[in-house]
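Line by line, the protein sequences are chains A and B. Under our numbering, the residues of the first sequence are numbered 775 to 876, in order. Under our numbering, the residues of the second sequence are numbered 268 to 723, in order.
Treat the hints with care, as some may be off.
To be verified - Simulated pairs of lysine-lysine, DSSO-like, Cα-Cα distance not exceeding 30 Å: (1) Lys527(B) <-> Lys810(A); (2) Lys326(B) <-> Lys484(B); (3) Lys506(B) <-> Lys370(B); (4) Lys295(B) <-> Lys810(A); (5) Lys386(B) <-> Lys340(B); (6) Lys484(B) <-> Lys672(B).
In short, the hints are calculated from the structure, not lab data.
Residue-level listing of the chains:
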Amino acid sequence: MRLYNLAHVLRSKNSGPFQVTLDVLFDNREAYERVKASGMLTREAVAARYQIPVERITDYAWYDPGLGVKITYLRDTASGTVGDRDVYGAQQHAPLMDIEIP
Amino acid sequence: MRTLILSPCGILGYGFPAASLEAALREKPDAIVVDAGSTDAGPHKLGAGVAIVSRMAAKKDLALLMRGAKERKIPLLVGSSGGSGARKHTQWTLEIVQEIAGKMGWNPRIAVIWADIPKEAILAAQAQGKIEPMSENVPAITPETLAETNGVVAQMGVEPILKALREQPDIVLCGRAYDPAPFAAVGILRGHDPALCYHLGKILECGTLCAEPGTAKDVMLGLLDDTGFEVWAADPRRKCTPTSVAAHTFYEKDHPYILKGPGIVLDLSQCAFTQVSDGRVRVTGSRVSFPPYAIKLEGARRVAYRTFVLAGIRDPLLISQLDEVEAEVVRSVESYYSDIPRESYQIRFVHYGLDGVMGELEPDRTLPHEIGLMFEVIADTQEKADAICATVRSAYLHYGYPGRKSTAGNLAFPFAPSDISFGAVYAFSVYHLMYVDDPCAYFPVEWFGGETDAAV
Numbered sequence: 775m776r777l778y779n780l781a782h783v784l785r786s787k788n789s790g791p792f793q794v795t796l797d798v799l800f801d802n803r804e805a806y807e808r809v810k811a812s813g814m815l816t817r818e819a820v821a822a823r824y825q826i827p828v829e830r831i832t833d834y835a836w837y838d839p840g841l842g843v844k845i846t847y848l849r850d851t852a853s854g855t856v857g858d859r860d861v862y863g864a865q866q867h868a869p870l871m872d873i874e875i876p
Numbered sequence: 268m269r270t271l272i273l274s275p276c277g278i279l280g281y282g283f284p285a286a287s288l289e290a291a292l293r294e295k296p297d298a299i300v301v302d303a304g305s306t307d308a309g310p311h312k313l314g315a316g317v318a319i320v321s322r323m324a325a326k327k328d329l330a331l332l333m334r335g336a337k338e339r340k341i342p343l344l345v346g347s348s349g350g351s352g353a354r355k356h357t358q359w360t361l362e363i364v365q366e367i368a369g370k371m372g373w374n375p376r377i378a379v380i381w382a383d384i385p386k387e388a389i390l391a392a393q394a395q396g397k398i399e400p401m402s403e404n405v406p407a408i409t410p411e412t413l414a415e416t417n418g419v420v421a422q423m424g425v426e427p428i429l430k431a432l433r434e435q436p437d438i439v440l441c442g443r444a445y446d447p448a449p450f451a452a453v454g455i456l457r458g459h460d461p462a463l464c465y466h467l468g469k470i471l472e473c474g475t476l477c478a479e480p481g482t483a484k485d486v487m488l489g490l491l492d493d494t495g496f497e498v499w500a501a502d503p504r505r506k507c508t509p510t511s512v513a514a515h516t517f518y519e520k521d522h523p524y525i526l527k528g529p530g531i532v533l534d535l536s537q538c539a540f541t542q543v544s545d546g547r548v549r550v551t552g553s554r555v556s557f558p559p560y561a562i563k564l565e566g567a568r569r570v571a572y573r574t575f576v577l578a579g580i581r582d583p584l585l586i587s588q589l590d591e592v593e594a595e596v597v598r599s600v601e602s603y604y605s606d607i608p609r610e611s612y613q614i615r616f617v618h619y620g621l622d623g624v625m626g627e628l629e630p631d632r633t634l635p636h637e638i639g640l641m642f643e644v645i646a647d648t649q650e651k652a653d654a655i656c657a658t659v660r661s662a663y664l665h666y667g668y669p670g671r672k673s674t675a676g677n678l679a680f681p682f683a684p685s686d687i688s689f690g691a692v693y694a695f696s697v698y699h700l701m702y703v704d705d706p707c708a709y710f711p712v713e714w715f716g717g718e719t720d721a722a723v
C-alpha cells in the first residue's frame with residue numbers, strides 16, 4: 775500500500791524561513807506502527823526521494839503520542855527571496871506520497 | 268488555582284465567529300490572548316514594514332476582543348503586533364486600538380512592549396561570540412548586510428510580558444514575541460507550572476487548529492490547573508482528541524516534541540493526552556528546562572528589484588528543448604546589454620508543469636504537453652529589471668530554435684501588457700540567536716492611556 779493511502783495527513787510547511795518540514799500523521803496506531811516498522815520512511819529513504827544529501831536533513835523524529843513522523847531539511851533558497859519557488863513551503867510533500875509500504 | 272485563557276484565532280485579523288467568542292466569554296476566561304505574528308509570508312512584511320492582515324480586518328477583530336475584555340474586566344494581550352512586531356507594526360496596532368477605544372468611550376491602560384534590537388548591540392554581541400545562526404544555511408551577519416537591514420526585531424520571552432502584567436494593564440501590545448509567550452505569561456503570573464504554560468501557549472496560539480475540523484479562524488479555550496491543562500474549542504462541533512492535540516506540535520516546527528524558545532526547551536516526550544469529555548482533552552507531563560538565555564533575531568533587507576512575465580508554451584518541439592533555447596535567449600540578452608555589468612542582474616526561468624514547484628528536488632521529469640512559464644529579471648534597479656525583462660521577452664518570443672515550425676511566436680501571453688514590474692525583493696538577512704544576560708534588556712515597556720496618564 776502506498777504511504778498516501780495510510781496517512782491521515784501528509785504535508786510540508788516552512789519551519790522558519792530556512793527549513794522545510796515534512797509531516798506524516800496517522801489516525802490509527804496500527805497504520806503508524808506499520809509505517810514505522812516498515813523501514814521505508816527512514817532518513818536515508820527520504821533523502822533519496824528528494825535527491826539531497828542525508829546531512830541536509832536536520833531533524834527526523836517519530837512521536838508516538840501524536841502518531842506521526844517529522845522530517846525537517848534545509849532549504850537551498852530561503853523563503854520569499856530571489857530563487858524561491860514555494861514561499862510557505864506548502865507543496866514539497868508529493869515525493870513521499872507514493873512510497874510503497876509493505 | 269485555575270486559569271482559563273481564551274484564544275480567538277490563529278492570527279489577529281483572520282477573524283472568528285462572533286458566536287464562538289460570546290460562548291467562550293460566558294465561561295469566564297481570565298485573559299484574552301491573541302497572536303498576530305508569522306514569518307510564513309516571507310521577508311517582505313518585515314523588510315517593507317507592512318502588516319500581514321488589512322487594517323480593516325485587524326480593527327474588526329480588535330473591536331470585538333476589546334469589548335469582551337472590557338465587559339469581563341480581563342486583560343487583552345496581543346503577541347507580535349502587526350505581524351512582524353517591529354516598531355512600525357506595533358505602532359500601527361496601537362493606533363487602531365486607540366481609535367477603537369476612543370469610539371467606545373474607554374481609556375484603557377495600555378502596555379506596549381517594544382522588540383526592536385539596536386544594530387550596535389548585535390555587532391557587539393557578535394564580537395563577543397554571542398550570536399549564532401538558526402541553521403547552517405543562514406547567511407552570516409556582516410556590518411554591510413546589517414546596515415542594509417531595515418530594522419531588526421527579536422522574539423521576546425515571558426519576562427518582559429510578566430513585567431507589564433504585574434502593573435495590571437487593560438491591554439498589552441507586544442512587539443515581536445515567541446508565539447506561546449503571551450499565553451504562557453498569563454499562566455506563569457498566576458503561579459502555574461511554566462512547562463504547562465508554554466505547552467498550552469503553543470497550542471492556543473493557532474486558534475482551533477488542534478481540533479477536528481481544525482482552523483486558525485475560531486475560538487479556543489485552555490484551562491490550567493495545578494497538575495495539567497485542558498483544551499477545547501468554543502464551537503462544540505470542533506473536537507479535540509488526544510491525537511489531534513498531541514499532533515499539533517508538529518505544525519511548523521522543526522521537531523515534534525522538543526520545542527525551543529527564549530530561555531527554554533520544552534520536552535513533550537513524556538506527555539499524556541486524555542479525553543476527559545466530548546471534544547475536550549487533558550494534557551499532563553510537559554517538561555521544561557532552562558538553557559542559557561537566547562533571543563531569536565529577525566531582520567530583512569532589500570536585495571533587488573524584480574520584473575516578471577507569465578506565458579504558456581504548447582508547442583512540443585519547443586518543450587523538448589527549453590533549456591537550450593533559454594541558454595540562447597540569455598546569450599542574446601547578454602550580448603545586447605554588454606554595457607551592463609553581468610553581476611548586476613539575474614535571469615531566471617521557472618517551468619510549471621515540469622519542475623516549477625520543486626526545482627532541483629523534483630523527482631519526476633516527464634515532459635508535459637504544456638508548460639506554464641514564468642521568467643523574471645532580478646536587478647539592482649527597477650528600471651534595469653524592466654528593460655532587461657522586455658528584451659528577454661522579445662528574444663524568447665521570436666527565438667528561431669532548431670526545427671521550429673511555429674515561426675510567428677513561441678509564447679502565449681495571458682495578459683497585455685505581459686511584463687509585470689514587481690518592485691523590491693527582500694531576504695532575511697538576520698535569523699540568528701543572540702545570547703543575553705537580561706531577558707528584559709531589549710524589550711522596554713511603555714505605557715499609554717489609563718487613569719494615571721489622564722491625571723498627569
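Starting from Lys326(B), check that the Cα of Lys484(B) is at most 30 Å away, please.
Judged against 30 Å, a Cα distance of about 15 Å means the pair holds.
Hint check: Lys295(B) vs Lys810(A), CA-CA at most 30 Å. Holds or violated?
violated (43 Å)
Lys506(B) and Lys370(B) were given as a pair; does the straight-line alpha-carbon distance stay at or below 30 Å?
violated (37 Å)
Take the C-alpha atoms of Lys484(B) and Lys672(B), compute the straight-line distance between them, and say whether it is at most 30 Å.
violated (53 Å)
Against the 30 Å threshold, does the CA-CA distance of Lys386(B) and Lys340(B) hold or violate the hint?
Not OK: Lys386(B) and Lys340(B) at ~39 Å, beyond 30 Å, violated.
Going straight from one Cα to the other, do Lys527(B) and Lys810(A) come out at no more than 30 Å?
holds (26 Å)
In summary, the structure is inconsistent with hints 3, 4, 5 and 6 from the numbered list given earlier, while agreeing with the others.
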